[in-house]
Each structure stands twice: as C-alpha cells, then as structure tokens.
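Protein chains in written order, with our numbering: chain A, 1 to 350; chain B, 1 to 350.
Read the hints as simulated data drawn from the structure, not as lab findings. A virtual CB, placed ideally from N, CA and C, is assigned to each residue, including glycine. Keep in mind that a hint or two might mislead.
As a list, the in silico SDA-like pairs of lysine to any residue whose alpha-carbon atoms are at most 20 Å apart [said to hold, decoys possible]:
#	chain 1	residue 1	chain 2	residue 2
1	A	Lys120	A	Ser84
2	B	Lys175	A	Pro183
3	A	Lys171	B	Pro183
4	B	Lys35	B	Leu47
5	A	Lys171	B	Thr187
6	A	Lys230	B	Leu312
7	B	Lys197	A	Ser287
8	B	Lys171	A	Leu182
Per the computed footprint, the stretches of chain B lying under chain A, defined by three or more beta-carbons under 8 Å from a beta-carbon of chain A, are [what the hints assert, rightly or not]:
#	region
9	183 to 197
10	251 to 259
There are 2 protein chains.
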Amino acid sequence: MSDGYNVAVVGATGAVGTKLIEMLEQTNLPLKKVKLLASKRSAGRKLLFKGEGLFVEELTAESFDDVDIAFFSAGGSTSQQFASEAVKRGTVVIDNTSQFRMDKDTPLVVPEVNKEALKKHQGIVANPNCSTIQMMVALEPIKKLVGIDRVIVSTYQAVSGAGARAVEEVKQQAKETLDGELPENLTTGILPVASDKKHYPQAFNALAQIDEFAEEGYTKEEWKMVNETKKIMADNQIKISATCVRVPVITSHSESIYIETKEETSVAQLRETLEKADGVVVEDDPSQQIYPQALNSVGKKDTFVGRIRRDLDIDNGYHLWVVSDNLLKGAAWNSVQIAETLHEMDLVHV
Amino acid sequence: MSDGYNVAVVGATGAVGTKLIEMLEQTNLPLKKVKLLASKRSAGRKLLFKGEGLFVEELTAESFDDVDIAFFSAGGSTSQQFASEAVKRGTVVIDNTSQFRMDKDTPLVVPEVNKEALKKHQGIVANPNCSTIQMMVALEPIKKLVGIDRVIVSTYQAVSGAGARAVEEVKQQAKETLDGELPENLTTGILPVASDKKHYPQAFNALAQIDEFAEEGYTKEEWKMVNETKKIMADNQIKISATCVRVPVITSHSESIYIETKEETSVAQLRETLEKADGVVVEDDPSQQIYPQALNSVGKKDTFVGRIRRDLDIDNGYHLWVVSDNLLKGAAWNSVQIAETLHEMDLVHV
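Bound conformation, chain A alone (with noise of 0.2 Å):
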C-alpha cells in the first residue's frame, strides 16, 4: 500500500469538480499531492484545497505524468479523449461520466453493493450515474435479505445533475416567474438537455425527459437506471422500469421505488435491515411526519430512506421513498469511496 497518492480532478470547476475537492479535503485516502485540472478557458483560476489555493492547470495528457489516481468530470468526450492517455501512464481513473459505465471490462461500482469488482479494474472504475446510485444503496440490503424480483422507480431529480450552468439557468427562471414574467418569456437555452434541440422553462416546471431519447420511448437516463442496475447487482434476471424526472430542486434526488421481493418479509424487517445497512439512514416516522427530504439532504454522504410501506395489493410488494445529495453519494463522494476502497483493497496499482 501506498501512504500517499498524487490524485488529480479532471473538471475541477465544475458542479461536482467543486465537490469532489470538498470530498477529498475530508477523506482519509493518503494525499501527497493534488492537481486540479480543467480547460484552457478554466485554466489559471485559483481554488482553495484546504485553505490553500491552487491554480487550475490545462489539461493534458502530460497532466497525468505523476498521478496515481485521476477523478474526471468533465463530460464524457473528455472521458474518451484523456482517460487512456491516463491509464497509460499509470493513472487509475475514476470516471463519473457515463463513458465507460457498460465497458464489460470497466468495473461500475458502489462501494457498498459491489466492492468485489475492482479486482478486475484494468485502469479505469467507472462511477454510475446519481440516480443510480442511491437506489443501489437503498435497495441492495433488501436484496440481500430477500432477493428483489422487479423494480419500478420514478425519480425526482434536482438541476445540479445537469451542472452548474442549469443551476444558473433555473435560478434566473424563478426569479424572472417572482417578477411576473409568462412562461413563454422565461430564459431557456440549457434544460431539459442542453445537446437536445428544444429547451423548456423548469423553474416552477416538471420535465420527464433527463437525457435524450432512446429505444423504445426511454431516455438515456432511464436507460442508464435499467441496464446499470443489473451490471452492479450483477442481476440480469431483475425487472427494473424508469421513469425519469428533472423538478425545480436544486441539489438531491428523490425517488418512488416499487419493489417486489423475492421472499415474504415486512415493513418491519425492511426497516430494520436498512438501519443496519452502511450508508443508509432510515428516516421513517409518519407519526411525528419525519421522511426524507431533499432539502434536509443536502451536503450530507448517505442516502436516506423513509415511506417504507407495503403495497396494498400485492404480495411481497412495497414501496419507499429515497433521497440523497445527487452530488455527493451520487458522484464526488461516491468517486472518493471508490479511491478509497481501491486503497484498503491494495488495487491502486496493479
């Protein structure tokens, strides 16, 4: 093992660069060194690690000359274009775009569902996507328990999932709707897609399209919900269906999960298994109203869980409500769990 890393974020100005600097102020990886790195036009800014500030270098692929671990978001095109250059010269890569996610050799991972694959890691783990990722968590110890035979989910995600600019972008909407503005007036240019050729207001608005649109009236997003679903749960047999929603939420994603399991359990077996389980906190009491919220979820790493209840009707169903920091567990600390579990599994470098 290695007491210390040379690490760098590849899009370190970012909605999650931001957070993955925060994420690796606090975690116990050993660093020796940290290398912020974006594109020329970021290149030269200063950001604070630890109260210290560094400038933000251009990337290249020299950038990765003395790193050991390399995080990137910078888009996926990024991802394709540098992350080989790094793996080359020896960089592991954590990669948070969707690039490499269903590469068969590319380990897609949640640290508390599927730590395992790592071994296979051959130079780049790829990060899953935020929506993903917290239903992983919430669900894999009922998996566990009773095994899970299908899944329905509906999301409520927040605009920090399509950066900062969309951020910006609903902000300004709100602003412009509180000063009376119409609808049809309001500044859009960003969400729902910004690649996609409409864009719509979102501030004070549901959009069901995150992601373009895909095979069979899906979008990428709710594409990407399915088939990493069965890559981390290593489950090609679970039935999963997605419905994919941006609402006016700055930071957290909310999800409607449906699950039937396998076996016979209990609201109360559910509830107490998910208290045990690592990186869930089970917030559940509808006597005293207390739920997950995404406002409460903000900043915080774990994924909480609450409306737990079973399904009226149906045998072994149920349903829950899960929340957590679309940012944090769903990316940047996510990525920093992973470097730190490739550290304890001594699989930096291989």
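Since the structure of chain A is provided, determine the placement of chain B on it from the hints.
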C-alpha cells in the same frame, strides 16, 4: 329542463372558487343569476363576473333559498355544515371537498367516466380529488379497451392544490432562497399540510406528504387515489397504490402512472385510443421532445398524456405521464362539467 339556473359559488374567494367563477363565465349552462358566497371575513368583497361586479355575500343556510346549483369549495367543515341546508332548500350541491366522496349515496363523478352515476344523486354530487380525476380521464379509455388489472402512480403535485395561501408561501420561500436565505430560515407555516404539526419548506424541495398520514403508512391523499378510483371505476378488484408528492410547481399536477392491462395491447393502440378519448390530448413525440408539461397545461381543461411506452419486462405493462390543470379539470372545470351534465341529463331538479 330549466331555461336558466340560479347558481352559487361557496368559497368564491379561494383558489378553486376563483376558477369556478372563470369556468361559469365560459359554461353553456343557462344561468339566470350567480351568487358568490364566502365566510363573513370575505363578505363585501367585489369580484368580476363577465365584466360585472358581484358582491361576495356571507354564507348562511338561507343563502340557498333561491339557488338551483351550488358549488362548494370552502373546506370539508363548511360542506358538512351547509350542504344539507342547501339540499333541504332544493339546491343540488356539487361538492369539491372530500366530505361526501366516499358516502355510498353520493355519486363521485368524472363526466367522461361515470356520468350515469349522476342518476342516483340525492342532492349532493361529489367532485373527486384532483389527482384522481386526471388519472381517471387517462385510464378509463384504456380500461374500456383492454381492462386494467393494476395501477401504480407516483404524483408530482402542484402547490395550488393546497390553496392560495400555500402558493404565496412557496413564492415567498423561493424569493428568500434566491436572496441567499438558508433552508432552515425560510418562512414556513402552511405546507405540507396547514393543519398538521410540522411545516417544511416546499420551494426547491419535494415533499412526500400530501394531507395527513393515515393507515398503513399511506397519507389520506394516497388513500383518496385508491378509494376514489375504485368508486369511480366501479371496480373493487382493481389493484392500485399511490405515492403522492408535492413539488414546487404552482399549478398542474403531473403523474407517473404504471398500468398492467388485462388484455394484450400495444403502444400504438393505446395512443390511438387516447387520441380519440373525451377530454384527453395526447402529447407524445419523443423525436420532437414532445411530452406533457405542467407549465403548458395551465389554464386548459384537457388532460394531457404522453411518454406512453411499454414496460421493458412485463407483458401488458405500460407507463404514462399524465398532466392536467389541478384547479380546472382537477376541481373547477370538473365541477362545472358535472353541472352541465346534470342539466343535459335533466337531473338538476329531482
């Protein structure tokens, strides 16, 4: 058939009352006189009806002496106190509260679905819960086509469903948030449920509580969707579970609905059926990013259906995204439509 009715709006100054007046301005129901009723506190206010100023009168039992049809939307306790007084005086009450919905002698009506039930009214007709109505409009044509075995719905409900004060509260919270206020310092006091013990910020938050908690960990709103669906569809066998969530949208509820049909169908057949259905507008073209949106449906009487797609794993499983103006089809328009239907069926005076 009458050639003109005296109608009254009880709760004329509220969020739904205001919309009832708008809908009465547009109705083809023959009107002789419109009487606006409210609590003593609001009496004396002047509201416009077709350009004419009408004074709001204080609600008393005698208010109904010359009234043919009264729309009640001033809370359950007002309906409890005054509906029977109105009926005693020969008035047909169309009640927008939950007071009489599950009463076995009270028809619970969505005209597109079960107008025949009006024939059995004994003076009171109940308007269903907003989140139930739009689901019924979307599902009834499918039920007629191939039957429906089960429904799982997760809602994205608008703040105006909790009344005008809730709307003001959310706008205030949004303004405070944009001004940099922390969540714990936001003005609260009404949402999620004015009468409940605790109040939470709704701006930039998703709250998985609408109405108070009841049996089995479900809220009353969730029970309403279950019980009202069974009553309106006259089907006690239908399996249905709901998760009701309030999101920071001012007007129009969105719903992620999963159904299993009894007989085989297809996305194309469902789309074709819905396109022909009364009160339904299909907005469903992923290639052009066309899907129902809360903001787009405000002020419209229709129920918008899109994202129609088959479940990936289950035979006869389909997903829909259903959006409608909760104050119009969810409340005021459905009520006025009930009145129009009573008139057409010659059921106002029984």
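To see whether the hints hold, each was checked on the structure:
no., hint, result
1, A:Lys120 <-> A:Ser84, "17 Å, holds"
2, B:Lys175 <-> A:Pro183, "17 Å, holds"
3, A:Lys171 <-> B:Pro183, "15 Å, holds"
4, B:Lys35 <-> B:Leu47, "11 Å, holds"
5, A:Lys171 <-> B:Thr187, "19 Å, holds"
6, A:Lys230 <-> B:Leu312, "13 Å, holds"
7, B:Lys197 <-> A:Ser287, "10 Å, holds"
8, B:Lys171 <-> A:Leu182, "15 Å, holds"
9, 183 to 197, "holds (count 4)"
10, 251 to 259, "holds (count 3)"
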